[in-house]
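Protein chains in written order, with this note's numbering: chain S, 1 to 136; chain E, 1 to 136; chain L, 1 to 136; chain A, 1 to 136; chain D, 1 to 136; chain Y, 1 to 136.
It is possible that part of the hints are untrue.
Among chain E residues calculated to face chain L with C-beta under 7 Å, some are [claimed, not checked]:
1) N36
2) N83
3) E87
Below, computed lysine-lysine pairings styled on DSS-like, alpha-carbon distance capped at 27 Å [as the list claims (entries may be wrong)]:
4) K33(A) x K2(D)
5) K108(A) x K2(E)
6) K69(S) x K33(A)
7) K8(A) x K108(A)
If you're looking for bench data, these hints aren't it; they were derived computationally from the structure. All C-beta atoms in this analysis are idealised placements derived from N, C-alpha and C, irrespective of residue type, glycine included.
6 protein chains.
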Amino acid sequence: MKVTVNRKAHFNAAHRLYNCEWSDSRNADVFGKCANPNYHGHNYELIVAVTGEIHPDTGFVMDMKILKKIIREEIEDYFDHKNLNEEVPEFKTLNPTAENISVVIWNKLRSKIDLKSELSVTLYETPRNFVIYKGE
Amino acid sequence: MKVTVNRKAHFNAAHRLYNCEWSDSRNADVFGKCANPNYHGHNYELIVAVTGEIHPDTGFVMDMKILKKIIREEIEDYFDHKNLNEEVPEFKTLNPTAENISVVIWNKLRSKIDLKSELSVTLYETPRNFVIYKGE
Amino acid sequence: MKVTVNRKAHFNAAHRLYNCEWSDSRNADVFGKCANPNYHGHNYELIVAVTGEIHPDTGFVMDMKILKKIIREEIEDYFDHKNLNEEVPEFKTLNPTAENISVVIWNKLRSKIDLKSELSVTLYETPRNFVIYKGE
Amino acid sequence: MKVTVNRKAHFNAAHRLYNCEWSDSRNADVFGKCANPNYHGHNYELIVAVTGEIHPDTGFVMDMKILKKIIREEIEDYFDHKNLNEEVPEFKTLNPTAENISVVIWNKLRSKIDLKSELSVTLYETPRNFVIYKGE
Amino acid sequence: MKVTVNRKAHFNAAHRLYNCEWSDSRNADVFGKCANPNYHGHNYELIVAVTGEIHPDTGFVMDMKILKKIIREEIEDYFDHKNLNEEVPEFKTLNPTAENISVVIWNKLRSKIDLKSELSVTLYETPRNFVIYKGE
Amino acid sequence: MKVTVNRKAHFNAAHRLYNCEWSDSRNADVFGKCANPNYHGHNYELIVAVTGEIHPDTGFVMDMKILKKIIREEIEDYFDHKNLNEEVPEFKTLNPTAENISVVIWNKLRSKIDLKSELSVTLYETPRNFVIYKGE
């Protein structure tokens with residue numbers, strides 16, 4: 001019996017969309033106001049989903065207290081109240097779109113969660129825009 | 001790396017459930033108060049999901065500004081503040097259930113979005129009833 | 001000790017905005033697409049708030065089971081799946097704006113709830129538009 | 001054309017996490033405050049998803065009035081305002097984790113819904129923790 | 001310039017509605033399934049509102065980090081994962097209705113927050129039932 | 001009959017909390033990670049409430065299309081995708097706390113809305129922190 005357990009988390013951060021190999025005017029053309037060099041920001045809402053067998057002793061796929069702790073240490077402490085472009089090494093050259101942030105989060109979590117479980121990450125950039133990455 | 005990008009939208013419309021090949025009494029029997037000939041209505045909440053590869057230059061699967069514009073032109077302008085039975089050609093003979101509306105929306109969007117991407121439509125008819133169509 | 005108890009409810013209905021003393025073109029000018037003669041509709045979300053003293057025997061301001069029953073009988077059964085303009089007598093000549101609907105709801109509930117309690121009605125016409133009426 | 005129809009429901013219940021083959025101290029170690037012998041409780045939010053072909057006569061995958069009735073009779077009436085450990089037979093020996101509750105709900109619904117349709121259950125234990133079971 | 005700052009919090013608890021001066025059958029008559037002697041439970045969502053002048057040096061009415069800490073220590077640690085009737089002294093004889101819980105919370109917070117500020121407590125017992133207490 | 005009409009809006013922005021008359025270390029002591037010199041950001045959700053008499057001809061307190069336009073021009077276009085400290089003149093010396101932002105928004109809207117109506121502004125900085133300013 002495979003069940004998916006989901007845990008919500010959140011962090012606030014500043015960013016700008018920017019391809020460092022493009023001119024400023026091309027960045028402005030493609031990314032519009034999201035390319036503002038002074039940054040803007042978001043309340044990112046995150047859902048981490050882990051799919052696996054229910055352990056018969058605990059009734060858990062994964063102890064949510066442990067999942068909550070992993071998300072806090074690996075993701076919230078790492079991204080919260082940060083400037084993604086300036087302060088998060090992964091985005092020194094990678095454009096911090098919601099798509100790319102979801103991949104970075106998935107990669108950071110993958111190494112901390114039992115490889116027998118499947119992992120999926122849903123990231124809300126705004127209440128109307130969100131992305132899903134499943135490592136495929 | 002395949003990521004799903006999701007965009008929420010909404011429209012308000014009137015409709016009634018009605019099979020034009022049935023008698024009024026059979027419509028009333030099957031559809032209950034939803035068959036009211038004077039119509040009722042809903043705030044439809046829509047989530048459009050596009051799954052594809054992240055483009056390395058932009059970090060986007062699809063520019064959300066473009067997706068937002070397609071949804072506005074193809075769906076919101078077409079359905080918003082309309083009587084679905086009376087004013088939307090697709091529902092002249094097709095019963096405007098949430099299921100059928102989701103298929104009509106999917107078909108209208110499919111022709112506007114890169115065929116290499118998968119498309120999925122989630123439509124909330126009320127906060128407690130919603131449907132999902134993936135073109136399968 | 002005065003406490004406010006709140007109960008949420010909902011109903012779906014069709015309506016159009018229309019002043020029956022105006023020409024069709026003036027209605028269209030003022031109310032735009034909301035004046036569509038074929039109607040549109042909404043999922044109305046309602047919050048009924050009753051403020052009064054806590055009864056020492058029950059710990060209740062008002063039994064929520066009774067409030068829920070009053071709302072169902074007076075409001076949900078009366079408005080749900082209806083065409084407000086055509087089927088609700090109060091709106092034969094009164095324009096069914098959210099403001100006017102909230103006043104009609106308040107008046108219908110006021111006669112059913114202990115006059116020693118204050119009554120307030122919040123009505124969401126859409127997730128982004130809502131009104132509040134307190135009988136003042 | 002396969003569409004998924006979803007219906008939300010809810011129930012309130014008390015429970016404690018407890019493996020009856022373990023000592024109290026091991027239960028306390030593993031389940032923390034969730035093992036409180038005096039119980040705690042939740043507002044469980046449930047989403048039942050049924051995937052099948054749209055019936056051409058009705059435009060329905062499944063009549064939502066019938067799905068709502070099945071959920072009320074099989075799930076809400078069975079779990080609501082109950083102590084899961086003490087009053088729900090399935091949890092006399094099975095630990096009432098969200099994972100196990102979702103499997104019990106799925107099994108109870110499976111026998112009531114057309115076997116040609118796929119069934120999925122999403123259960124929110126809190127606004128931040130939820131599980132999904134698809135019978136796989 | 002008086003501004004209201006609001007902070008959301010939550011806790012999960014079991015309770016039953018019970019007037020200890022009444023017979024069991026009268027409790028069952030008045031409180032229905034809420035009187036279940038085996039308890040049921042809720043996810044309580046809490047909003048604490050503090051109204052006061054903006055301090056010109058900080059731009060704060062009250063530092064939200066401090067308000068968050070007071071709520072955690074006084075309310076969340078005190079109520080979370082508890083049986084309100086059995087484990088919270090205030091409810092040994094007081095019926096733990098939402099109304100009475102909101103008054104107990106308000107009284108506990110009042111002594112910790114600057115008396116020059118007004119205090120209001122909103123408590124959701126379910127997504128559809130909530131109460132507000134302002135100490136009046 | 002006085003009714004309050006409410007309209008929701010939103011904008012995304014970067015900011016840092018900073019008193020320009022204090023040393024960096026005092027700013028860090030008081031504002032913690034909110035003082036990060038590289039900025040962080042939020043999805044600000046705004047509710048604008050206008051209270052007045054229902055106009056008998058329209059059934060409106062205020063045409064929501066006009067209120068929506070005022071909010072877009074005065075607030076969304078002014079704050080959206082901006083760095084509040086660097087790009088919004090009001091915050092060159094004023095600390096952009098939620099409290100101060102709500103006062104700036106209220107002042108900007110006050111001059112555009114009929115003075116016979118009362119005006120209130122609710123601003124969510126995060127889903128758990130929000131402020132209310134009524135011009136008092």
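So, going through the hints one by one against the coordinates:
1. Look at N36(E): its Cβ gets to within about 6 Å of chain L, closer than 7 Å, so that hint holds up.
2. With its C-beta approaching chain L no nearer than about 4 Å, N83(E) sits inside the 7 Å limit, and its interface hint holds.
3. The beta carbon of E87(E) is positioned within 7 Å of a beta carbon in chain L (closest approach about 6 Å), and the interface hint is therefore held.
4. As the CA atoms of K33(A) and K2(D) are separated by approximately 40 Å, the hinted pair breaks the 27 Å bound.
5. Taking the CA atoms of K108(A) and K2(E), the gap is about 36 Å. The hint is violated against a cut of 27 Å.
6. At most 27 Å may separate the alpha-carbon atoms for a hinted pair to count; K69(S) and K33(A) meet this at roughly 16 Å.
7. Annotation: proposed proximity of K8(A) to K108(A) holds, straight-line Cα distance about 16 Å (limit 27 Å).
When the structure is compared with the earlier hints, violations turn up for hints 4 and 5 and for no others.
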